[in-house]
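In order, the protein sequences belong to chains B and F.
To convert, count from 1 in the first sequence and add 184; that's this note's numbering.
To convert, count from 1 in the second sequence and add 7; that's this note's numbering.
Since the hints were derived computationally from the structure, they do not count as laboratory data.
Keep in mind that the hints are not guaranteed to be accurate.
[What the hints assert, rightly or not] When the alpha-carbon atoms are kept at most 25 Å apart in a straight line, the in silico DSS-like pairs for lysine-lysine are as follows:
(1) K406/B - K71/F
(2) K71/F - K239/B
(3) K23/F - K274/B
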Amino acid sequence: MAEEAIKLGGKKKSMFIDKVKAIIPEGGNLNLCLTCGACSSGCPATGLDGMDPRKFLRMAALGMDEEIVKSDWPWMCTMCQRCIYVCPMKIDIPQLVFNARGLRPRDQRPKGILGSCDMQLRNDSTSAMGISPDDFIFVVQDVLEEFREAQPEFAEMEAPIDKQGAEFFLNQNSREPVTEPNEMLPLWKILHLVGADWTYGSHGWAGENYCLFLADNDSWEKVTRTTVNQANKLGCKIFLNTE
Amino acid sequence: MKIKFTVQDPCQIVRKSYGDPIADDLRFVVKSVVGEENFIDMQPNKSNNYCCGGGGGFLQSGFKEQRLEYGKLKDDQIKATGADYCIAGCHNCHAQIHELSEHYGGNYPVVHLWTLICLSLGVLGPNEREYLGDDLKEVNVFHPETAE
C-alpha cells in the first residue's frame with residue numbers, strides 16, 4: 185500500500201465528452217460503455233490511423249481531448265451507425281465522432297469537404313459542383329428535348345422544374361447534370377411510367393450536403409433550408425431524397 | 008443469361024432510417040427485375056450490412072489510402088457472393104464500390120438500380136448504359152439507332 189492516498193489532480197477540467205453529452209438525447213449513453221468491443225469488431229474503420237470506436241470512446245472518457253483533436257480518424261469514420269446498432273448500451277459513438285470533427289477550426293478540416301461545402305453556399309442550387317440554377321434548368325431541358333425526339337414513345341414525358349403543387353419534390357445529385365446527363369433519363373422514365381406527379385426545384389435541387397460532413401452546422405442548416413423552403417413554396421407533399 | 012447480382016444496402020435508408028422493411032422492399036424490386044434465382048445476398052446484410060466507405064464525406068476527405076483499406080471488407084463481401092454485378096442504390100456507394108471493383112481487381116460492374124429497372128422494362132436507351140458490363144451493353148436496347 186502507498187504511504188498516503190494518491191490525489192487525482194485539482195479542479196476537474198472541462199471535457200469534450202461532457203459537452204457532447206449535454207447536446208444529444210440521453211447524453212448519447214456515452215458513460216455506459218461496458219468495453220465489450222462489439223462496436224470495434226464490426227467496424228470497417230477499425231485499425232485505420234491506429235484507432236477504433238471503443239478506443240475513441242475510452243480516450244474521450246479519459247479526457248484525452250488534445251489527442252482527439254489531433255486525430256484524423258473522425259474523418260475516416262463514415263458515421264454509418266453500425267456501432268450503435270450492435271451496441272448493447274446503445275452508445276452514440278457516431279455523434280461523438282461528428283462533434284469531434286467540429287473541434288478543429290473550420291479552415292483546418294479536410295480541404296475536399298471544405299471546398300465542396302463552400303461551393304454549395306455560392307448560389308441557390310446548393311450544388312457542390314458549382315452549377316447555377318440557370319445552367320441546371322438548361323441541361324434538364326436540353327436532355328429532355330433531345331430524348332423525346334430519340335424515343336418518341338416518351339414524347340409526353342416531362343422533367344418539371346418548379347411545378348407548383350406537384351406531389352413529390354425530387355432532389356438530384358449534381359454528378360448527373362454536370363458529368364453524365366443521360367443518366368438522369370432512366371429515373372425520369374420510371375417516374376413517368378408510374379404516373380408520379382413530381383418536380384425538381386430551381387433552388388436547392390442538389391441532393392448532396394457537404395456542410396453536414398464538414399460539421400459546419402450553420403452552413404448545413406442554410407443548405408437544408410434552401411431546399412426545404414423551395415419544396416414548401418411549391419406546395420409539394422413529399423420530399424424525395426435521392427441522395 | 009444466368010447473370011448474378013448482389014445489392015448494397017445503403018446505410019442511410021436502411022440502418023439509419025427505415026430499417027429492415029425497406030431493405031426487404033429493395034429486395035422485392037431487385038428480384039422482380041433480375042429474377043429471384045439470380046439474386047445473392049451479401050453476408051451480413053440489411054441493417055447489419057457493412058458501410059462501403061463512401062459515406063460521411065470520406066470520398067472527399069483526401070484520405071484515399073485509408074478509404075480503400077476501409078472498403079476492403081466490402082470488396083471481400085461482394086466477391087464472396089460470386090455475383091457478377093453489384094447494385095448500388097446510393098450515389099456515394101456507387102462511386103466507392105465502383106472504385107473498389109477496379110482497385111482490388113474484381114472488375115465487377117456497379118450499377119444504379121434505375122438502370123436495371125429500365126433495362127427489364129425494355130426502355131433503356133443506348134446512351135444510358137454507362138455502367139453496364141459488356142454482357143448487358145447490347146441487350147434489349149431501346150431505339151438502338153439513336154446510339155451516340
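Hints versus structure:
1. For the suggested pair K406/B and K71/F, the alpha carbons sit about 29 Å apart, so the restraint of at most 25 Å is broken.
2. As the CA atoms of K71/F and K239/B are separated by approximately 23 Å, the hinted pair is consistent with the 25 Å bound.
3. Between K23/F and K274/B the alpha-carbon distance is near 13 Å, which keeps this suggested pair within the 25 Å criterion.
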